[in-house]
Amino acid sequence: MSDALTNAGPAPAAPLDFIRQIVTDDLEAGRHGRRVHTRFPPEPNGYLHIGHAKSICLNFGVATEFGGLCNLRLDDTNPTREDVEYVDSIRRDVQWLGFDWGDREYYASDYFERMYECAVTLIRNGRAYVDSLSAEEIREYRGTLTQPGRNSPYRDRDPDESLVLIERMRQGEFPDGAHVVRARIDMAAPNINLRDPTLFRIRHAHHHRTGDRWRIYPMYDFAHALSDALEGITHSLCTLEFEDHRPLYNWIIEQFPDLPGDPQQIEFARLNLTYTVLSKRKLLELVERKMVHGWDDPRMPTISGMRRRGYTPEAIRDFCARIGVAKNESLIDVALLEHSVREHLNRVAPRAMAVLRPLKVVIENYPEGQVEMLEAINNPEDATAGTRQVPFSRELYIEQDDFREEPPKKFFRLFPGNEVRLRYAYIIRCTAVIKNDAGAIVELRCRYDPDTRGGSVAGERRVKGTLHWVSAARARRAEVRLYDRLFSTEQPGIDDSRHFAEEMNQAALETVSDALVEPSLAEARPGTTYQFERLGYFAPDADGAPDRPVFNRTVTLRDSWAKIERAQNA
RNA sequence: UGGGAGGUCGUUCAACGGUAGGACACCACGCUCUGGACGUGGUUAUCGGGGUUCGAAUCCCUGCCUCCCAGCCA
0 MSDALTNAGP APAAPLDFIR QIVTDDLEAG RHGRRVHTRF PPEPNGYLHI GHAKSICLNF
60 GVATEFGGLC NLRLDDTNPT REDVEYVDSI RRDVQWLGFD WGDREYYASD YFERMYECAV
120 TLIRNGRAYV DSLSAEEIRE YRGTLTQPGR NSPYRDRDPD ESLVLIERMR QGEFPDGAHV
180 VRARIDMAAP NINLRDPTLF RIRHAHHHRT GDRWRIYPMY DFAHALSDAL EGITHSLCTL
240 EFEDHRPLYN WIIEQFPDLP GDPQQIEFAR LNLTYTVLSK RKLLELVERK MVHGWDDPRM
300 PTISGMRRRG YTPEAIRDFC ARIGVAKNES LIDVALLEHS VREHLNRVAP RAMAVLRPLK
360 VVIENYPEGQ VEMLEAINNP EDATAGTRQV PFSRELYIEQ DDFREEPPKK FFRLFPGNEV
420 RLRYAYIIRC TAVIKNDAGA IVELRCRYDP DTRGGSVAGE RRVKGTLHWV SAARARRAEV
480 RLYDRLFSTE QPGIDDSRHF AEEMNQAALE TVSDALVEPS LAEARPGTTY QFERLGYFAP
540 DADGAPDRPV FNRTVTLRDS WAKIERAQNA
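Okay, so the first sequence: first residue is 0 according to numbering that gives the first Met the number 0, each after it adds one.
Don't take each hint at face value.
Distance windows between CB atoms, simulated [what the hints assert, rightly or not]:
(1) Asp243 / Ala569: 46 to 56 Å
(2) Gly368 / Leu283: 54 to 64 Å
(3) Arg547 / Ala439: 19 to 29 Å
(4) Thr510 / Glu564: 22 to 32 Å
(5) Ser512 / Asn249: 57 to 67 Å
(6) Glu328 / Asp448: 53 to 63 Å
(7) Ala569 / Ser487: 15 to 25 Å
(8) Ala382 / Gly29: 49 to 59 Å
(9) Asp381 / Arg524: 16 to 26 Å
I should point out that these hints are in silico values taken from the structure, not numbers from a laboratory.
No residue lacks a Cβ here, since even glycine has one placed at the ideal position from N, Cα and C.
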């Protein structure tokens, strides 16, 4: 990973968000030994998505801005849901986003032994016990939101007896659910998390890292607080739904004052985005029910999906900076994400010409068999990007949308008798329209003006429209996948009278199998996103072959003609 | 109806007792060999009611609305 990119981020710009404000105050007050140490703690039970990107940018951003460190911690305490495939994808995605955790890649499972010892300590101190109620009984004893719970009959079990039981639980002597280790706090607490929360449960399951060494696994609240303390975390940033857990988090931390860290948990609002879902459960369901083609389907809001779609790490980081961090529960307009993507891609994407729905054009007065190489600018926003040669010939293809036999108002493109410029080439005039027996337009006859060649000073004549095109003889056939928003409703799943999948956008993927692209695109490989002029940004997909490239549409260009047309039709 | 949290332009973030501002979106116009980009201008907001204060989005009281919590998930 390059140093330049490592945990890239500008100095914090004023004003500070509330978390950076807290960190600033902590530093000034000399808290946490004047250190800043955060962590990004995903559970490896799914792929990372744009919501995680927010958390990643926050945790790594805060750490580097304040001269601290951020750990990557895989929170792998539930072997029944987790998998190495997810671990690998998480490492890949965080790195791709541009963040570096150095050698601080930790796993909650590395701490199982210590967590076990902590549980034993709590039992010895009378702060925990082994409960032998069933899951259903525990639920009944817990009470309700408005009624206090009741003590379990095992709550006052002799610590020595609990000690024997926890050891036997560990040895695998009991089936799942037979016993559980619980903290002894307060069954009447108004905060349900304090009503003797479970610390360890029995799970006869194979763990992706610890194998079959353990038959009991710690619960989130216990594992998370201890992991933070063990790693010397100072600021433990998490989402709002854990606000209720903070008293328990603090309780656990207080039980073990000898641990290296004295972390404080701070909660912020998770990201919600319009026209998509950002819950691992729902994303997993889409994958498992094969409603999308895997976690990295370009329609998915996953990091890997966005990467495949052609989004850049810079764009995603910019988006995360723009949305800010607060405690308001917000729903961000996906247009903001698309704006960040366009803004970055506009600066860096090499331009090329491609025709999605070809319409043949014959330049009647252009010599048959002649091929002329025209110079095209690779990126008008970047002078260092240079130029390339594009072949021009008598037979071309333009976009079907760029011709209308009967032009609507403000239609600047080609129509009978009208002149347009062919990008980097000549001004042409449409002289005839050729149709098949069914009346469909199959070909245009045009004449060009040799004095208007692109780039030449002589060609100063002005026309309203400029069209992109490809040479019929030299163009390559390509498959283009046109992606759009995954859901057709702003907040899929908000209406719980129907399943969220019913709100999927059936037009989110349209495959164009016979697009034509300029020859230079034959070299295109995944990793670079191109701008197809006047159409949008497109990313080469690994599904493509040299003779059959495949491109994924990242996002369209802003299209003011589409707006005009919509207004006219309205 | 227990506990926790939150209400500022359409959306989102800011304003830390002193002119409610930015970004996105939207609407005009200009510019353009991408109807892209860029430039200029514009519309729109402090949840309601009281109070404190010279002055309140900010402090106090009160009401209303929204979200989260009853996994041996995280």
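Hint-by-hint comparison with the structure:
1. Asp243 / Ala569: 46 to 56 Å: With a Cβ separation near 48 Å, Asp243 and Ala569 satisfy 46 to 56 Å, so the hint holds.
2. Gly368 / Leu283: 54 to 64 Å: holds (57 Å)
3. Arg547 / Ala439: 19 to 29 Å: holds (27 Å)
4. Thr510 / Glu564: 22 to 32 Å: Between Thr510 and Glu564, where Cβ atoms are some 24 Å apart, the hint holds.
5. Ser512 / Asn249: 57 to 67 Å: Distance hint for Ser512, Asn249 holds at roughly 59 Å.
6. Glu328 / Asp448: 53 to 63 Å: At 60 Å between Cβs, range holds.
7. Ala569 / Ser487: 15 to 25 Å: holds (19 Å)
8. Ala382 / Gly29: 49 to 59 Å: Distance hint for Ala382, Gly29 holds at roughly 50 Å.
9. Asp381 / Arg524: 16 to 26 Å: holds (20 Å)
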